[in-house]
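Chemist: Residue numbers (this note's numbering), protein chains in the order written: chain A, -15 to 398; chain B, -15 to 398.
Hints are computed from structural coordinates only; laboratory data are not their basis. Careful: at least some of the hints might be erroneous.
You can't tell identical chains apart in this list, so a pair holds if it fits in one copy or across any two.
[As the list claims (entries may be wrong)] Calculated cross-link-like contacts (lysine-lysine; reagent style DSBU-like; alpha-carbon spacing at most 30 Å): (1) K35 <-> K74; (2) K228 <-> K204; (3) K70 <-> K298; (4) K35 <-> K70; (5) K242 <-> K343.
2 protein chains.
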Amino acid sequence: MLIVQKYGGTSVGTIERIQNVAKRCVDAAAKGHNIAVVVSAMSGETNRLLKLTAQIQDDPNDREVDVIVSTGEQVSVGLLALAIRKLGGKARSFLGHQVKILTDSTFSRARIVSIDAEPVKAAFAAGEIAVIAGFQGVDEGGSITTLGRGGSDTTGVAIAAALGADACEIYTDVDGVYTTDPNVVPDARKIDRISYEEMLELASLGAKVLQIRSVELGMKYGVPIHVRSSFSDVPGTWVVPEEKEMEQVVVSGVTVAKDEAKITVEDLPDVPGVAAKLLSALADGAIVVDMILQNQSWDGTTDMTFTVPLGDRKRAVEILKGQVPELVGKDGERISWDDDVCKVSIVGVGMRSHAGVAKRMFTVLASENINIQLISTSEIKISVVVAKKYAELALRALHAGFGLHLPPSERGTL
Amino acid sequence: MLIVQKYGGTSVGTIERIQNVAKRCVDAAAKGHNIAVVVSAMSGETNRLLKLTAQIQDDPNDREVDVIVSTGEQVSVGLLALAIRKLGGKARSFLGHQVKILTDSTFSRARIVSIDAEPVKAAFAAGEIAVIAGFQGVDEGGSITTLGRGGSDTTGVAIAAALGADACEIYTDVDGVYTTDPNVVPDARKIDRISYEEMLELASLGAKVLQIRSVELGMKYGVPIHVRSSFSDVPGTWVVPEEKEMEQVVVSGVTVAKDEAKITVEDLPDVPGVAAKLLSALADGAIVVDMILQNQSWDGTTDMTFTVPLGDRKRAVEILKGQVPELVGKDGERISWDDDVCKVSIVGVGMRSHAGVAKRMFTVLASENINIQLISTSEIKISVVVAKKYAELALRALHAGFGLHLPPSERGTL
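Sequences are here, hints too, so could you generate the full structure?
Modeler: As structure tokens, then:
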């Protein structure tokens, strides 16, 4: 088998842990597998380097910042290769430009264009474990680029795709993907298998186990992703193409995102182009608008409500006042906002074939007296905005209401 | 003008100092010069990285150790490029593989084979200051290599040679090359101009201002090297091809090296091949023998004395006992040694045309009652081994004896 293993910063945070990772690699290779390992920087290292650069300038989207920050992974691959050899294994490190992981030139959040798998295959042919720096690439001009926070997940899956690997194992400090946050709901269950689509929704909606782009890549190239713990040997969660059995499970997971804020603009003229004007002003300010709701027209005017990242709420209001005073009022008197909201979502491919999921969700929330402020649906998820104080209560109620504490086979249908 | 500036670890040891270096670069560029800057790792960084690797394994001559250690310079070039831009200058960083500095594959002490000056010229054409990582290169296979301690000097001079630069300025924490160690002889004078040959001898004999290989490269390609302080603007020492006026100066500098030990083997059979046998055994053990003296034969036997680095003395004796017991006696009873010696040398191209330099040297030492144990001469230097306790006394006496406290024009001849 050809297996790509990816280890995050916590898993290589000390020399002892690097030696532990080396042992896992050597053990896997001893079973006759070809192993490529992708590693992040030692935990804390990327922040240390960013702090150094911040003493000179603040903008992280800079060619030179990527030159500096990419050294974190460079040190990790060198140390891991040494540790593997110390255990009697054969290993060779590869940096982004050596693999080579070609990206666009968007420094600090570049996207992978292609990977040259030949150097890694040559390492396999020489009996070596290929130790590959995560998070970094190289652009057409030969400049070092980085892929953004969590980019090592993406490197891992991209390498697996380029090699046609049998699996990409993502090692982390939890032992898989859970039906919801176990810190909030103690009887949350580890999910054994989940589809790419569901994982994408979960990742977008607040579950932080996998970087979204890595899941997109896995889906695009059909790479089976195995999320598991680097501190134990128990199987984790497989992220795979959708399977027949998955549809039997109506809801796979429940998430909550607390870093949202709600903005409402009242008394908007109900004529074409108003929504576009409002949202263009925000888009020009690089503010990402998530849920959007426009009420039924009333007396020729309408209201619009939308959510933005909590940290951008203040700036969003300023932008609206400055850019479209004709819509929001000179002093923004038609704008109101609420920072004390959260977005609770349920995700499941089973929704496609099961009616009544939304009804059950709203019933469960109503039975706890939780008022729903906004609703947004997609093919495989339903999100609602509720007051932030209900976040944990809503999670627990929905988790129980959809029977997620039970094994999938015992959950029954709606 | 096209100027290469090289800054050592102390000169870029803090963010503030990096900003200071950036100002120097921007000022030089503002005068209309094309500037390439070569920088070392921030002081302490290389040792920190070596300590990390030492927690896994001890051998520094390893491909992966170079991968790790080279990150020190990578961080420096990124930070300096940022600092230059913050001051309004234009800058771009280059790593060893981007320049590209092609070396052999002797990890941890690779030698430069060639440099591709085109990327740097392209940066100049774009009005940019080229910020180049010292100490590192890349081998034929694309692996990162490093050039050994002080390797950034070599990078600087090699870049200057490849670019056909008008000068290579080596910035350091002293303001030039002195006639001797100013800590020992307070009236030591800064040397204004010195020949490559003399600088090579001084560097070999204990003056630590420049890495020897950088001087060799400067001599080979005729690069004028300007050794000066990064903390002031006073002119330093120019290392240049030999000039007519230099010959007027009989002695340019006096040095002492204290890390030497003397080994003597007595009662050696006076037949061909004995010296070769002794020295081969040591060479096989990678012990560098410096001065070698064989006495006149006496009764068919002879004595041989030589010096080795102090740290290798013990191992040298063990090797001789183990490898050539027929020459040194089973228990090494014919070997004696002295760790309390030092090597005092005078250097000057003027020796070529002036007789009597040795006589003056021995007279000066005799007048201080300093006994000479070994003598070794080359075309432009004379070295003597004396008891270590006389090191400072010998330096001061020779410095005064050859009038080195006076300006060159007032020293007179012998």
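Chemist: The structure should be examined with respect to each hint, and the outcome stated for every one.
Modeler: Hints and how they fare:
When the C-alpha separation of K35 and K74 is checked against a cutoff of 30 Å, the pair qualifies only between copies, where the shortest distance is 22 Å, while the shortest distance within a copy is 35 Å. In this assembly of identical chains, the alpha carbons of K228 and K204 lie at most 30 Å apart only when taken from the same copy (19 Å versus 74 Å across copies). With identical chains, the CA atoms of K70 and K298 are at most 30 Å apart between copies only, with a shortest distance of 29 Å across copies and 54 Å within one. In this assembly of identical chains, K35 and K70 lie within 30 Å of each other by CA distance solely across copies; the values are 16 Å between and 33 Å within a copy.
With identical chains, the CA atoms of K242 and K343 are at most 30 Å apart within one copy only, with a shortest distance of 24 Å there and 88 Å across copies.
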